[in-house]
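Protein sequence lines, in the order shown, are assigned to chains A and B.
123 is the number that our numbering gives to position 123 of the first sequence; each next residue is one higher, with no gaps.
68 is the number that our numbering gives to position 68 of the second sequence; each next residue is one higher, with no gaps.
Source of the hints: derived by calculation from the structure; they are not laboratory data.
If several chains are the same, the list does not tell them apart, and a pair holds so long as it fits within one copy or across any two.
As a list, the in silico DSS-like pairs of lysine-lysine whose alpha-carbon atoms are at most 27 angstroms apart:
id	residue 1	residue 2
1	48	75
2	24	48
3	189	174
4	11	48
5	30	75
It should be emphasised that the depicted structure is a prediction, and the values quoted were computed from it without experimental measurement.
Number of protein chains: 2
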Amino acid sequence: MDENDPWFDDKITEVESLDANLQKLHNAMKSLVTSRRELSLLTGLVAKSAAMLSTCEEHTGLSRALSNLADVEEKIELLRSEQANSDFFILAEFIKDYLGLFGAIKCIFHERVKAFQNWQYAQMQLSKRRENRGRFELANRADKLDQAQQEVDEWQGKVQRCQQQFDDISAEIKREMERFELTRVKDFKVNIIKYIEDQMAHQQQIVSYWEAFAPFAREIV
Amino acid sequence: MDENDPWFDDKITEVESLDANLQKLHNAMKSLVTSRRELSLLTGLVAKSAAMLSTCEEHTGLSRALSNLADVEEKIELLRSEQANSDFFILAEFIKDYLGLFGAIKCIFHERVKAFQNWQYAQMQLSKRRENRGRFELANRADKLDQAQQEVDEWQGKVQRCQQQFDDISAEIKREMERFELTRVKDFKVNIIKYIEDQMAHQQQIVSYWEAFAPFAREIV
Numbered sequence: 001m002d003e004n005d006p007w008f009d010d011k012i013t014e015v016e017s018l019d020a021n022l023q024k025l026h027n028a029m030k031s032l033v034t035s036r037r038e039l040s041l042l043t044g045l046v047a048k049s050a051a052m053l054s055t056c057e058e059h060t061g062l063s064r065a066l067s068n069l070a071d072v073e074e075k076i077e078l079l080r081s082e083q084a085n086s087d088f089f090i091l092a093e094f095i096k097d098y099l100g101l102f103g104a105i106k107c108i109f110h111e112r113v114k115a116f117q118n119w120q121y122a123q124m125q126l127s128k129r130r131e132n133r134g135r136f137e138l139a140n141r142a143d144k145l146d147q148a149q150q151e152v153d154e155w156q157g158k159v160q161r162c163q164q165q166f167d168d169i170s171a172e173i174k175r176e177m178e179r180f181e182l183t184r185v186k187d188f189k190v191n192i193i194k195y196i197e198d199q200m201a202h203q204q205q206i207v208s209y210w211e212a213f214a215p216f217a218r219e220i221v
Numbered sequence: 001m002d003e004n005d006p007w008f009d010d011k012i013t014e015v016e017s018l019d020a021n022l023q024k025l026h027n028a029m030k031s032l033v034t035s036r037r038e039l040s041l042l043t044g045l046v047a048k049s050a051a052m053l054s055t056c057e058e059h060t061g062l063s064r065a066l067s068n069l070a071d072v073e074e075k076i077e078l079l080r081s082e083q084a085n086s087d088f089f090i091l092a093e094f095i096k097d098y099l100g101l102f103g104a105i106k107c108i109f110h111e112r113v114k115a116f117q118n119w120q121y122a123q124m125q126l127s128k129r130r131e132n133r134g135r136f137e138l139a140n141r142a143d144k145l146d147q148a149q150q151e152v153d154e155w156q157g158k159v160q161r162c163q164q165q166f167d168d169i170s171a172e173i174k175r176e177m178e179r180f181e182l183t184r185v186k187d188f189k190v191n192i193i194k195y196i197e198d199q200m201a202h203q204q205q206i207v208s209y210w211e212a213f214a215p216f217a218r219e220i221v
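Next up, chain A with everything else stripped away, as it sits in the complex (with noise of 0.2 angstroms):
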């Protein structure tokens, strides 16, 4: 289509180009819950492999020691599937949401198109009946005359239907992504806060996992 309005034009850029970062970050964001996932279950595995070094270990505070590295790395193990899981569901599901509204938004935009072809198609419409009209007065036809001023009125009608249903479109277009925008930025705020929030507090167990653990390491004599 003829773009008249820039807004549309700059708007459908933006979208597209949003919609297709955004894509990337969500196929990121997936392999890395994959990835911390495996983490997890590795964790899980040397925190087996301490705990039976630690019941064939003679010496008694090494064997405490592995012992206790064995169950500070099963705490680890929880936390990191804790972690793929804050991933997933704060941002990866949140990401996925998104792209399942830009791709309604770029519906809507379809529709806006396809609300214009139609207009267009209903002025080329009342073009032609305006020309058979004009060939009947020049040839003096009264007998036709009435019906083509019929069509006239009638697809002059449809244009005025087609442009206003064009126009409505197009302002509701605007409002929505107005809304939308306003939402979208609260929505990632929140997000990203509650991200930052949960990754804090994850480290900052694993800290004190570390803290607890580190007397049973000095001990060892």
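We have chain A; now place chain B onto it with these hints.
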């Protein structure tokens, strides 16, 4: 061999069990290192995607937050790679060195078994030579007796030397094992503590990255 010193039976069982479990821990650590490296790469991918998303984000606050998120993820990428190095150099390589030492210990135990077998072989030969001498004595073969006595003396000397060798290697193993146990416990202590400190430093670093990023997320309006 028929073991007459229970210390060796116990020690061999202990060493073999430690060796087998340390091998498992080593394999688990190697997988952990690989997985941590992968997680680092994927975190870098998330950083890149967030950076690209920030460039096409029109909302200034959100764009800045995304760009800062990308910076944080990039720093975490580096840190995870350092963590993988600390897993590798502090624990995995340390364990691998000890696997090498346990291999050497198993070799020495095997040398002792060979010394025992040599001693037993010498004893068997000595018995045979004594039987020969007895037979010659009964048959009054004075012409062969000298030669037979010489052989008995020769093997008696060999038996003594072999027994001495076996006793020496047994004592040497006990001395060396005692020294090794002390070094081993100290080494494990040092490395476990270094590992904890490294882990804590990394986790605290991640917490501080998120803390520094938090204001950018809260600033989104």
